[in-house]
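Using the sequences and the accompanying hints, generate a full structural model.
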Amino acid sequence: MEIHLIWAQENNGGIGKNGQLPWYNPEDLKNFKKLTLNSTIVMGRKTWESLPFKPLPKRRNIVFSSKILEDVETYNNINQFMKKLDTESIKKIFIIGGSSIYKVFYEFATHLHMTIVNDTTDGIDTFFPINNIEIKNKFLKIDEIKLNEKSIYTYWEKK
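This note's numbering numbers the first residue of the sequence shown as 1 and each following residue consecutively.
Hints are computed from structural coordinates only; laboratory data are not their basis. Keep in mind that this is a model prediction, so the values were computed, not measured. Beta carbons: idealized from backbone N, C-alpha and C, even for Gly. Just to be clear, a hint being listed does not mean it is correct.
Unchecked claim - Straight-line C-alpha distance at most 25 angstroms; calculated SDA-like pairs for lysine to any residue:
1) K46 x N31
2) K158 x K67
3) K159 x N18
4) K30 x K91
5) K150 x L35
6) K58 x G44
7) K141 x N18
8) K103 x I90
9) K103 x N131
10) K17 x S100
11) K17 x T121
12) K17 x K159
13) K158 x T121
14) K46 x G13
15) K159 x N76
16) K91 x N76
17) K67 x L35
18) K30 x M82
19) K159 x T121
20) K30 x Y153
21) K141 x L29
22) K33 x F108
23) K141 x Y155
24) K159 x I116
25) K103 x V72
26) K46 x L85
27) K58 x T40
To be verified - Ranges between beta-carbon positions, derived for each pair:
28) K150 x V72: 30 to 36 angstroms
29) D122 x N148: 20 to 26 angstroms
30) K91 x D119: 21 to 27 angstroms
Structure below.
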């Protein structure tokens, strides 16, 4: 099974401010939608709660939380979750945040989709938990696409 981590970050690794994305980037949102449509997406409870519309349409939404949430498939154990996916013959999942969920799934990741936002926002309080050196040691950059004047999408595969 392929495990894809997908996120956008500022140059300093910042990914969130007060539980929200610290910027509005329509090109990145379109790319996110194109990549994740008709797929399984996995997120933490805080990411789920931050979504303006729940569930994200045309995707299987799964939330990791210590509490069972209503109206969404919920897990609290990664081993149980992986076994369940194996029985369903799922070929690909996207991990969409937040920071603690990225950290848990990073060791299983086979692909990364990282958008670099060339900006510095005051008050960033959430960061991607893996530094760029670790990423470059484990993954090979396959593609890089300029989305707009402020952001570049990069695609990585495990070495």
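Between the alpha carbons of K141 and L29, is the straight-line distance 25 angstroms or under? Roughly 21 angstroms separates the two Cα atoms, so the pair holds.
D122 paired with N148, Cβ distance criterion 20 to 26 angstroms: 21 angstroms, holds
Take the C-alpha atoms of K158 and T121, compute the straight-line distance between them, and say whether it is at most 25 angstroms. 30 angstroms, violated
Quickly compare the C-alpha distance for K158 and K67 to 25 angstroms and report which way the hint goes. 32 angstroms, violated
For the pair supplied as a hint, K30 and Y153, is the alpha-carbon distance within the 25 angstroms limit? Cα-Cα ~12 angstroms, so holds.
Starting from K46, check that the Cα of L85 is at most 25 angstroms away, please. 23 angstroms, holds
Agreement of K103 and I90 with the hint, judged by alpha carbon distance not exceeding 25 angstroms: Holds. K103 to I90 sits at ~21 angstroms (cutoff 25 angstroms).
What's the verdict on K159 and T121, does the C-alpha distance respect the 25 angstroms limit or exceed it? 32 angstroms, violated
Below or equal to 25 angstroms on CA atoms is what counts here, so check K30 against K91. 23 angstroms, holds
Pair hint K103 and V72, alpha-carbon separation not exceeding 25 angstroms: Holds, at roughly 22 angstroms.
Within a Cα-Cα threshold of 25 angstroms, do K141 and Y155 meet the stated pairing? Within the cut-off at roughly 6 angstroms; holds.
Please verify whether K150 and L35 have alpha carbons no more than 25 angstroms apart. This hinted pair holds, its Cα atoms lying about 20 angstroms apart.
The earlier numbered hints that this structure contradicts are 2, 3, 7, 12, 13, 15, 17, 18, 19, 30.
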